[in-house]
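Asks: First to last, the sequence lines map onto chains A and B. For this note's numbering, count along the first sequence from 1 and bump the result up by 74. For this note's numbering, count along the second sequence from 1 and bump the result up by 1002.
Check before you lean on any hint, since a few could be wrong.
[What the hints assert, rightly or not] Once the Cα atoms are required to be at most 27 Å apart in a straight line, the calculated DSS-like pairs of lysine-lysine come out as: (1) B/Lys1010 x A/Lys169; (2) B/Lys1376 x A/Lys169; (3) A/Lys181 x A/Lys269; (4) A/Lys140 x A/Lys269; (5) B/Lys1010 x A/Lys181; (6) A/Lys289 x A/Lys127; (7) B/Lys1391 x A/Lys169.
Honestly, the hints are just simulated from the structure, not real lab data.
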Amino acid sequence: MNTLLEVSGVSVSFDGFKAINNLSIQIGEAELRAVIGPNGAGKTTFMDIVTGKTKPDEGYVIWGEKSLSLLDMNESQIAQAGIGRKFQKPTVFEKQTVRENITMALKNPRSPLDLLFNRAAPDTEDRVRAVSDDIGLTDALDQLSGALSHGQKQWLEIGMLLAQDPRLLLVDEPAAGMSATEREQTTDILVRAAKKRAVVVVEHDMEFVRRLNCKVTVLHQGSVLAEGSLDHVTKNQDVIDVYLGR
Amino acid sequence: MERTFIAKNPSILWFLLGLSVFTVLVTIFSEAAGSSVVSTSFLKILGKTLCLCLVAIAMDVVWGYCGILSLGHFAFFGIGGYAIGMWLMYDRTKDIVVGSLENNILPPTPDEITIAIGTQIFGVVGSSEFPLIWAFSHSLPLQLLAVVLVPGALALVFGWLAFRSRVTGVYLSILTQAMTLALSLYLFQNDTGLRGNNGLSGLQNIPGLEAVSQATLSLWFFWASAFALGAGYVFFAWMLAGKFGSVIRAIRDNETRVRFLGYHVETYKLFIFTTTAMIASIAGALYYPQAGIINPAEIAPIASIYLAVWVAIGGRGRLYGAVIGAVFVSLMSSWFTGGSAPDINLGFYLVKWTDWWLILLGLTFVGVTLFFPKGIGGLFDLISNYREKQQ
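Given only the sequences and the hints, what does the whole structure look like? Please build it.
Replies: The structure is reproduced here in structure tokens:
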């Protein structure tokens, strides 16, 4: 499997506190990966570094087959390069319909004149439909997204990311605040999404991670504690000590 | 494509229908048609109100749809008035001057004519020379071009500086107020070359159309204003339909998120700011020939605030709301301040509406903002909700 994202030897500290300490992670193409770890393990900081929000003190972040350094790019350039990120709190445009939300996110030219004069791209409807099928919101396409449930908003947000067709999707605690059935659907969405692209999921909830059935990276104090299948890492004594044992 | 955006938004057809019916009725009852129901002076008020509706929908697009509370759009309206006024004044003065010099024994030289025109126009500010700013005033096409290009350029530069620095919210409102105040003060100076506080006058007389009566001229301007309003309404409705409109409304609701989707928010804001400035200027260019006079007091900061009040009372984020607000408030305003409203004698105090109108308007504004954020236009939602329930 080709490596899509390579984070190596990255460290970052805030006011002397080492949030990330010599962290190295490789993500392959079309891989589903779960990142777990206790609070303060550096999960969110890891995502901040990859998306350009935080610049590390040392280390490399290498992207794609051309081996571009993400550290030299700003947030929107990184987004353009194909890294999408979903934040914890869903932010969809509540006064607009699900269809409008997805249409805005679709990968298309984005200048005002493009939008004004090439408005009826013939495949728009099909692409919107493909995304809405993926996230199970096809029946709600013409609803205002403000009227959706919390879980549905999360899916819509994931759908808007999928519509941008990123090569790597970073998802921060997608199941937070969801009901059991919604969680199940969320795992399905993520597993399906990972067939065509790399998906990295940060999650607290062990049951959720188990259902994802993928390789797991355990972070602790800013570096990798263990990596492998969920069964493998849960048997690891270090992991039991710092995380599961509590 | 044209059909879909109108089909999606039936209010466009209703609006155009209402505007047409109104125009036909006013025409039938105008003095030019031999009736006396609509006097020429009232016809002018109606025509001017249509222009105010046009600048109000521009305001609604920039504020109600894009979320930029510009308190300076009336400056662009005024620039349009000045741009057309310069040609009107120059050409008419030229006609008069040439006419009066005709009887001279020696035919006047072009220089003499220019000086005579200059003296006529700039005598009030103690000058007879044409300032550079009047370089194109002899040409109607060039001044018409200026109606669009000057405010366009001003909005582009101003907007670029403001949006690039990510100035938003109340800070942007203050900046736009400063812009219109600065422009107004600048025009007040005699040195500016636009006749200082005298402004441009006699604009109701259209050069070359002296033979046409004011009754007929007013009707023509009324038609032109109605057409401009209809065209502007359709233009904005077309612009705001579809994905472009989605992005604009999304910028209003969550600018950061739109940026995160990969849209260049500043370009969109600049586009909206500039386009609406140009439309506002066109509205001004139609308004001031009907008003007859323009002076720097017209673009005082309060005028742009009025504009925001109209849109808020009429209902933000719906084009017809802006029209309703502009009609309602400006007609109410002329009723209350024109002395037609009966004074209220409270025994111990006489409420004179000419003094109290602004306070009433202010209270209405606060009341609408607090209790009816959707404005008068929100009433249409009640009707459509009721219908849905019935079905």
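Asks: Report the numbers of all earlier hints that the structure fails to satisfy, in ascending order.
Replies: Violated hints: none; all satisfied.
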